[in-house]
Structures are given as C-alpha cells and as structure tokens.
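Chemist: Chain by chain, the residues:
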Amino acid sequence: MGDLNTFQQFFYYFSENGSYVFMQFLQHFLISIYGVLLAALVGIPLGILISKYAKLSGFIITIANIIQTIPALALLAILMLGMGLGQSTVVIAVFLYSLLPIIKNTYTGINNINKDLIDSGKGMGMTKAQVLYMIELPLSLSVMIAGIRIALVVAIGVTAIGAFIGAGGLGDIIIRGTNATDGTAIILAGAIPTALMAVLADLILSWIEKKIDPIKRNKKFTKPTIQSLND
Amino acid sequence: MRSIVKLFIGICSMALILSGCSSGKGSGNEAIKVATVTTTESAIMGNMIKLMIEHYTDESVEMINNLGSSVVVHQAMVNGDANISASRYTGTDLTGALGEEPIKSPEKAMKTVQKLFDEDYNQTFFDSYGFANTYAFMVNKETAKKYNLKKVSDLKKVADKMEAGVDTSWMNRPGDGYKAFVKDYGFDFGKVYPMQIGLVYDAVEAGKMDVVLGYTTDGRIASYDLVVLEDDLHFFPPYDCSPLATNELLKAKPEVKKVLEKLIDTVSTEEMQKLNYESDNNLLEPAIVAEKFLEKHNYFEDKGGE
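Chains as they are written, first to last, in the UniProt record's numbering: chain G, 1 to 231; chain L, 1 to 306.
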C-alpha cells in the first residue's frame with residue numbers, strides 16, 4: 001500500500017470495508033440515540049417538574065451540572081467498575097451526559113414564556129394541566145428540541161470514546177488506526193463518518209426545531225399565541 | 001397540544017422500535033460475548049470465533065474489542081462481562097493471570113495453563129490455534145545466505161561484528177531479557193540498539209540492522225521475506241495462542257465448544273503472518289480478513305465430526 005497516498009488509501013479502505021464501516025456507523029448511531037432517548041424520557045418530565053417547583057430546580061440542575069463536569073473517559077471508567085464492559089455502559093454514560101442539556105432547556109423554555117400568556121390562559125378558565133399542555137409545552141417545544149440536539153451531538157462524541165470499553169462503533173476503527181503500522185487512512189475512515197454523523201444529526205434536529213416552533217412556523221400571524229391556543 | 005402528544009408518542013415508539021433491534025435474534029437468551037485486545041491478531045481471531053459461532057448455531061455474538069491487555073480480558077472473564085477470550089497466550093497467562101514461574105517447554109506450559117485455568121477459574125483453555133506469537137531473532141535473506149544462518153546458535157561466530165535492533169522493553173526484562181540471553185547463549189552482539197518494536201522489521205529489511213528481535217506473527221515477516229532464526233536452546237518461553245472460554249458457557253451451550261474445537265490447529269504461524277499483513281498493510285478490517293479466511297476454508301465444515 002506504500003504506493004498510494006493517504007487520500008487514495010482512504011478510498012481504498014472504503015471500497016474494501018464499506019459494509020463493515022456501515023455496520024459500525026449504525027451501531028454508533030444506535031448507542032447515541034438510545035442514551036439520548038432515555039435522557040429525554042427522564043429529563044423532559046424532570047424539567048417540567050422543576051419549572052413548577054422552583055425549590056427543586058437548584059438541586060437538580062446542580063447534580064446535572066456536576067455530572068457534566070466529569071471527563072468522558074473517567075465517567076466511562078467509573079461506570080465500567082459497576083456495570084462491566086460493553087454497550088449498555090456506554091448507553092448509560094450517554095444518558096447521564098444528555099440529562100443536563102435536556103433538563104435545563106426544558107426548564108428554561110417553560111420559564112421564559114411570557115407570563116401574560118399564562119395569565120390570560122388562566123383568565124380564560126384553564127386548569128393547570130390545560131395551561132401546561134396548551135400554552136407552556138407548545139411554546140417551549142423548540143427550546144426542548146434544541147436541548148436534545150446539543151445532547152445528541154455530545155452523545156456521538158462520547159460514544160466514540162466508548163470504544164475503549166469494548167462498545168464498538170466508529171471509535172473502534174479509530175483505535176485500530178492508531179495501532180496499525182501506517183494508520184492515517186484508517187483513523188480518517190473512523191473520524192470522518194463520526195464527524196459527518198454529528199453534523200447531520202445537528203442539521204436534522206435544527207430543521208425539526210424550526211418546524212416545530214409555533215412562532216417561526218406561522219410567520220403570517222402577528223400574534224402567534226392565538227394560533228396555538230386554537231390548536 | 002397535538003404536537004406535544006406527537007413528540008412523546010414519537011420518542012416512546014422510537015425507544016420501543018430501537019430496543020427491538022438490539023435484542024432481535026437468538027432464542028431470547030443472552031448473547032455470547034467475545035473479548036479481544038487491541039492487536040490485529042486478536043481482532044482477527046475474535047471475528048473468526050464470532051463468524052464460526054454464527055455459522056454453526058443460532059446464538060448471537062457480541063464483540064468486546066480493544067481491551068488494553070490480557071489482564072483486563074482476564075478480569076472481564078472473571079467478572080462475567082465476557083464468555084470467550086479470542087487470543088490468550090500460554091506464556092503471558094502463566095506469568096500474568098496465573099502468577100506462575102515461566103515454563104520453557106511449550107507442551108508443559110500448555111498443560112499447566114489448561115489445568116490451572118480449569119481448577120482456579122473454572123475456564124477452559126483450548127489447545128492452540130496452531131500459531132505462536134513469541135520473540136524471535138530474524139535477519140534478511142542476504143544476511144542469512146552470507147553467513148548460512150538457520151538457528152540462533154549460528155549467530156555465535158559472527159555476532160561480535162553485528163548490530164542488533166531489539167524491543168526497548170526486552171533490554172531490562174528479567175528472566176527472558178537481554179542479560180539472560182547473553183548468559184544462556186554465551187555470546188553478545190557487537191552493538192545493541194533498543195528501539196520501538198514496530199521499527200525493527202523495516203530496519204532489518206533496509207539493512208540498517210544486521211539482526212533484530214521481533215514478534216513471530218508480524219505481517220511484515222512474510223512481506224519482507226525475513227528469515228526467522230530457530231531458538232534452538234528454547235530460550236524464549238512459548239506463547240502459543242488459544243481461545244479461552246468459561247466452563248459455564250460451554251456447559252450451557254455445548255455446541256459452542258464444538259465450534260471452538262474446529263478452530264484448533266487451523267492457523268499456522270506463517271498463515272497468521274499473512275492475515276496480519278492483509279489487515280495491517282492492505283487496509284482490510286480484521287472482520288473482513290476473518291470472513292475471507294473462513295470462506296476460503298469453507299468454515300471448516302469437513303473438519304472434526306466429534
């Protein structure tokens with residue numbers, strides 16, 4: 001292979017190992033998505049809860065903050081001691097890292113809603129649940145999606161490190177490249193799809209975020225709340 | 001309102017669908033977990049085991065790749081994180097996991113390791129795949145011809161004029177290191193250069209070193225056509241490579257044992273050099289190398305009907 005330059009080697013690698021890279025790509029993506037979805041299922045209700053009970057918010061956000069400060073490699077090592085090697089440990093690590101952006105964005109999204117809108121909702125005779133479902137959640141939804149978006153991009157990075165505890169994914173290819181005699185092309189073959197995945201995930205979720213935002217979605221309404229109340 | 005419900009239904013159904021993906025096949029019991037270390041060799045053998053098990057049984061196999069060393073793999077096996085280790089070397093495990101003194105006879109080392117793993121850890125150390133990854137002195141073809149070198153003892157007459165490149169860690173190693181080598185073989189090289197192990201093959205091929213100490217399964221031995229000198233005094237302890245599995249797994253799934261036995265004595269040291277070369281130099285993934293090898297040999301269908 002000495003006669004090929006890195007660029008040619010890179011394409012040669014893909015032509016020979018395409019199916020393998022695709023499988024690792026899929027596995028990488030699934031691990032990230034699992035962790036983020038779990039975090040969304042826990043984090044969104046938790047965010048709503050702390051926006052209603054302000055006393056809890058400091059405590060829960062502090063915990064999520066502390067988790068965020070632990071370096072990925074250390075968190076994986078700590079989890080590994082308790083849970084052993086493999087994919088489930090990485091899913092839990094991703095879950096923990098995703099909690100902060102999701103909880104915080106849900107909390108901020110709900111708290112930043114114009115209080116007048118909530119008051120008018122109450123004035124119309126809405127129950128608390130109705131205020132939540134008809135005013136607060138629709139208006140904060142795009143901010144929540146923004147949180148999920150941050151979480152997913154971070155998750156893809158964390159999953160790459162997860163290859164060190166045997167979870168597989170594209171990180172596996174990168175590690176192999178560092179061990180091979182002349183592994184530049186192999187490292188690139190692992191790194192470029194990882195970066196591509198993060199960029200794509202970011203773009204797709206930002207598109208969803210725009211679609212779902214009632215204000216941006218309905219530019220023709222000068223008073224967007226009217227629309228969402230009729231919804 | 002509707003969009004919220006949609007989002008939550010979306011998240012929940014995604015979670016359900018995805019969880020369906022992973023636990024998909026198999027008869028509902030847990031996947032067999034195969035642990036490998038970071039070497040190419042280990043990854044190739046691990047993938048072979050995976051493909052063999054998938055070929056012969058309905059079990060699903062999960063790989064745990066890139067573990068740091070055989071000690072980490074050993075811990076994973078003891079903790080139940082893994083059921084099979086793809087590549088275990090008699091010499092490494094004897095002094096590492098088992099904490100015994102090195103044994104120089106390959107047969108005796110294998111018997112001791114097999115016995116101790118069975119007794120102490122309830123694990124089965126299989127017979128070797130057929131290759132050993134040990135240290136060996138090697139020279140390029142011209143040097144071998146010039147001095148008529150076949151065994152390490154042949155070096156004795158010419159060694160004082162020779163420059164030798166060796167692994168840095170070998171220099172100060174007790175037991176089978178440089179000092180012990182000089183004592184056992186009774187000669188010394190003219191000059192000894194400690195260097196990184198990956199560089200020695202290129203150095204001897206280019207003629208910058210006359211003789212080097214390298215690993216016997218490295219792919220570059222085959223590609224550079226190097227001559228491996230026979231260790232006639234059996235100075236280096238044997239590092240025969242075998243799979244290791246927990247007895248628990250073998251008892252619960254006896255068909256897995258048969259599959260692993262099919263791999264015994266199938267890959268010679270020369271064959272392993274070629275496979276390593278495919279992966280290290282020709283940019284093939286170990287998974288692909290393993291698949292090609294098994295397809296070429298028809299998954300050893302005809303071998304051992306026991």
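Keep in mind that the hints were calculated from the coordinates and are not lab data. This one's a predicted model, so the numbers in the text were calculated from it and none came from an experiment. A portion of the hints provided could be inaccurate.
[Stated by the list, open to error] Okay, the calculated bits of chain L under chain G, using three or more residues with CB under 8 Å as the criterion: (1) 63-74; (2) 251-259; (3) 281-292.
The beta-carbon is built from N, C-alpha and C at its ideal position, and this holds for glycine as well.
Chemist: Out of the numbered hints, which ones does the structure contradict?
Modeler: 2
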